[in-house]
Amino acid sequence: MSGLDVDLAVPDRVTAAFTADPGDVVAVIGPNGAGKSSLLSALSGLVPAQGTALLDGTDLLTQRVRDRRVGLVFQDQMLFPHLSALDNVAFGPRARGTGRGTARETARGWLDRLGIADLAARRPRQLSGGQAQRVAIARALVTDPALLLLDEPMSGLDVRVATALRLELAGHLAAYDGVTVLVTHDPIDALTVANRVLVLDGGRVLQYGSPAEVAHTPATGHVARLVGLNVLRAGDHWRAFDPHAVTVDLAAPSGSARNRWPGQVMSATPYGGVVRLVVRLAGDGPETGEDVLADVTPAAAAELGLTPGRPVWLSVKETSVRSYPAPAPA
Amino acid sequence: MVPATVAVLMLLVPLGALVIGTDLTDLWRQLGTDLLREALWLSVLTSTLAMLLCLLLGLPLAWLLARVSFRGRGIVRALVTVPLVLPPVVAGIALREAFGRTGLLGAPLLEQTGFSFPYTTYGVVLAHTFVSLPFVVIAIEGALRSVDTRVEQAAATLGASRWLTFRRVTAPLVLPGIAAGMVLGWARSLGEFGATITFNGNYPGTTQTMPTLIYVTRQSDRPAALALSLVMLAFSIGILLLLRERWLGPVGASA
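Protein sequences, first through last, are from chains E and Y. The first sequence runs 209 to 538 under our numbering. The second sequence runs 792 to 1046 under our numbering.
Please note that the accuracy of each hint is not assured.
[Stated by the list, open to error] Taking beta-carbon pairs under 8 Å as the criterion, some of the chain Y residues facing chain E (in silico):
#, residue
1, L818
2, L822
3, D939
4, Q944
5, A946
6, L949
7, S952
8, P963
9, L964
10, G968
11, A970
12, V974
[Said to hold, decoys possible] Label pairs and their computed distance ranges (CB to CB):
#, chain 1, residue 1, chain 2, residue 2, range
13, E, R304, Y, E829, 51 to 57 Å
14, E, G259, Y, G865, 48 to 54 Å
15, E, R304, Y, R858, 50 to 56 Å
I should point out that these hints are in silico values taken from the structure, not numbers from a laboratory. Here a beta-carbon is modelled for each residue, glycine too, at the ideal position from N, C-alpha and C.
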């Protein structure tokens, strides 16, 4: 009864069924147009949806937006520009009938928890992106929602700010006893903040599992690339392998014939201590046209002249490949 | 450069001539007359009443046009702008056909209540409202459109009703637009001549506003007409100053 039990459809956008327990943080990942935002909008009530979305036993889809026990954090905050940070946060309690004094006191408490009590009097345009997002999170949490929806809360923030906020957010979400649904395109969000990952593609759920499961056996090439893994389809199976398991040669390697492909270097970028190549597979195999990630040492990259346009051969030892069943094609 | 200079001169020379042509020593005597005080008071009164009426009727219409998608919205919006391009005399004639003693609505109104709009101060307010409403509706609709609806959605997810959202979020954000619309409507009413004189005639104390007074004075007393015109010019510039932050580029204000 408690938690979230979703089985809904937004026509032509998304069809999704999943459940989550109180305290769960569900990361929703997938390419643009996969239906991530539609799912969030359906849960918050901003777009109509069919089916059910039971939150602690109550069907959200039959409730008006303002009656839902749902907090929504927008990608670009959507703070009230004419109200101070404090009054932005106090808006929810005020709208639900709390007196001004009590609402402000509660709001101040939340600004304090988010570490921005000193910014209470500022207007949104006087706040940095990270500060504004903290206000938006406080504004959503202050009404004590049973479901917290976050729409790409880190996007638009610069990397340092996003890193700090991600850590804080993880802390707040760990203390939050409702269900969180976090839409993100950042695998770090999905793998560090969430304990469930929902993979959407083409408007339907392709995978729903723990971050470890999804990272280990990604169900789509998109997710594989997000978690920095290569997957190639072989019949009804995915074959996954790490970029550092890929060997790069200028001539066709001898040995096992199965895992080797000709290709062309599309890009070469420093990545941590290695050079990450994106190689587009060529030849007459079924994988032709797929992009494969390959990590090589900077020395090897220089020695082999691995610059964009360079024809190469890739090979992977069979022992480095994980093979698992692929979901039915969308 | 030359056409641009000509354009500026074209706009400025008549106004300059008006200032130069006015006998400033005689100005105070002209401004002291009862006729002027009455007309000025009537102009300010009717323009203000018309402005409030425009707000009362125009705000809901602007909200509807900006926020609610309904069949025929484009047509309604087009119709609203008709008085904007309609010659004011035609507006006056049309108002007569509708609200005159024998008009479409005027006749039954007269029959039922004994009241009739033409040649009354109410008639002046009616004519002003007719010509000013489009300015108010368009200005407020534009302001409403500039408010991101997702800010309103945010309010809804926080538990606010539509009305509370409008009061606490939308209205404060469109207030500058509403104010601009009201000032514009007020200025349009203040200068209204054609529709008013056609619909209401020109009776001192009840329907004689500043523009009609200037018009009749011009025929008998040119210096007085100049003095009255100068007063109106001063009013107009005053309105422009009120709106300068919106139109003439903000001075240190955010866009």
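Violated hints - listed by number, lowest first:
1, 2, 10, 11, 12, 14, 15
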